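In order, the protein sequence lines correspond to chains F and L. Under our numbering, the first residue of the first sequence carries the number -16, and numbering increases by one thereafter. Under our numbering, the first residue of the second sequence carries the number 41, and numbering increases by one thereafter.
Keep in mind that the hints were calculated from the coordinates and are not lab data. Only true hints are included.
Straight-line alpha carbon distances no greater than 25 Å define the calculated SDA-like cross-link-like pairs of lysine to any residue that follow:
hint : chain 1 : residue 1 : chain 2 : residue 2
1    : F       : Lys66     : F       : Thr(-10)
2    : L       : Lys78     : F       : Pro(-9)
3    : L       : Lys152    : F       : Glu93
Small disclaimer: the values here were computed from a predicted structure and weren't measured.
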Amino acid sequence: EPEVTQTPSHQVTQMGQEVILRCVPISNHLYFYWYRQILGQKVEFLVSFYNNEISEKSEIFDDQFSVERPDGSNFTLKIRSTKLEDSAMYFCASSLGLADSNTGELFFGEGSRLTVL
Amino acid sequence: AQKVTQAQTEISVVEKEDVTLDCVYETRDTTYYLFWYKQPPSGELVFLIRRNSFDEQNEISGRYSWNFQKSTSSFNFTITASQVVDSAVYFCALSDFTVGGYQKVTFGIGTKLQVIP
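All chains, full assembly: derive it from the sequences and hints.
Structure below.
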């Protein structure tokens, strides 16, 4: 069964360092997302991406964050200068079609745990 | 604004008992989608069900069943004859129908279910 894969599974970094989290969405999917879950809290929307541009971003997604689809398979989340409060599990997700279609199911990856020291 | 409320933060049941996880949502949209996800201790998000707002039929899948009641804005999840492997955090989530079709999913805080052998 096709799946969304994320690397690394866990990354530890020092405050102020740049971090890139990588995701390989399901190959024929068109819509890509990043969500975040601070330990013990709910999952929060960060950003959606379609047709090589951001569709919507939350207020969490400030100038320190950026997303990119550098090639036909990867979808990356970059945090330019990490802060302690960026420590969280980051989930990548993708969907084939529109939300209102039969292909709108959202598939999540297994998550990348980021620890900022 | 969308909101998902899971009033039960933690539930403990003895194996083989039935358990219902409550979910109440708020949205101004007439078209929306409701989800349940399971997050086992390993941390990944496992999709359980997606239901659109026009489909109020209850659904049963093995030991799992869902009761969608639009009149009370509830989408409750029942596990019949619970098993230890059901122990996890369960998230109810809501996605509106946005222009462009992408999915900005609002998650509830989650209900931690512990099934005791």
